[in-house]
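Between the sequences and the hints, there should be enough to build the whole structure, so can you do that?
In my numbering, the protein residues as written are 312 to 554.
Among the clues, some could well be false.
The calculated lysine-lysine pairs, modelled on DSS-like cross-linking and capped at a C-alpha distance of 27 Å, are [as the list claims (entries may be wrong)]: (1) 354 - 336; (2) 533 - 354; (3) 380 - 430; (4) 545 - 512; (5) 533 - 548; (6) 354 - 380; (7) 340 - 524; (8) 512 - 474; (9) 340 - 551; (10) 474 - 524; (11) 430 - 524.
These aren't lab readings, by the way, just hints derived from the structure by calculation.
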Amino acid sequence: MTKRSVAIIPSRYGSTRLPGKPLRKIAGKTLINHIYNNIRNSKLFEDVIVVTDDERISDEVKSFSGIVKISQKQYNSGSDRIAEIAQDINAELFVNVQGDELFISKYALQSLLSCFEDKNIQVATLAHELTNNEDIENPNRVKVICDQDGDALYFSRSVIPYKRGDENYTYLGHIGVYAFRKEALIRFSKLKQSTLEKVEKLEQLRLLENNVKIRVNVIDYKGFGIDTEEDLSKAEKLLKNIS
Numbered sequence: 312m313t314k315r316s317v318a319i320i321p322s323r324y325g326s327t328r329l330p331g332k333p334l335r336k337i338a339g340k341t342l343i344n345h346i347y348n349n350i351r352n353s354k355l356f357e358d359v360i361v362v363t364d365d366e367r368i369s370d371e372v373k374s375f376s377g378i379v380k381i382s383q384k385q386y387n388s389g390s391d392r393i394a395e396i397a398q399d400i401n402a403e404l405f406v407n408v409q410g411d412e413l414f415i416s417k418y419a420l421q422s423l424l425s426c427f428e429d430k431n432i433q434v435a436t437l438a439h440e441l442t443n444n445e446d447i448e449n450p451n452r453v454k455v456i457c458d459q460d461g462d463a464l465y466f467s468r469s470v471i472p473y474k475r476g477d478e479n480y481t482y483l484g485h486i487g488v489y490a491f492r493k494e495a496l497i498r499f500s501k502l503k504q505s506t507l508e509k510v511e512k513l514e515q516l517r518l519l520e521n522n523v524k525i526r527v528n529v530i531d532y533k534g535f536g537i538d539t540e541e542d543l544s545k546a547e548k549l550l551k552n553i554s
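Structure (structure tokens):
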């Protein structure tokens, strides 16, 4: 029986900016535990799976009764990593939730999945409005620009577009989730790592450089990815205030 959608969290220990990131604790739980629970509690997916190359992460996921798979080799991106196990899963849609998206919500995931009501959409992601210059200028906050149909033109760590004059413009920040139809995910994994992908360290640019459209759904979102010690401290305060 074909499953409608499966969520996969690629998780690696050796983050250059925040080593051991998945196992860092925020408000008493590891980052990977928070993200897994958020996705599982959304009840939008038949399965939620962590894929990792590290036994420490595997042991942590098992400790909270999560499903975990060990990838067999090193990969250039999280989407390459999930493609390995997706080949053996009979599902229509695969959602890659990056392992630093602590604040991903049911609303956000529903918005992502809704893109596929259009049968022509093969890959989709999310973005939100950036409201302060600190985020706009932060290279850890990836920006995206779109065409009139809502498909991505480019993603960058730089400020895009450059404002030469005084025109009003709403900058969009990328949210680290991707949804693929299965055939699109497998195609992605067979493409060579592209030039711009390597320059920006952004896996989604491989698709754009190979003329694969990415639909971008812009949502109301106040969260942020966990990339630095500063992000960890900020997230700790936010979660304590919520609880």
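Under the constraints set out in the numbered hints, which ones does this structure not fulfil?
3 and 7
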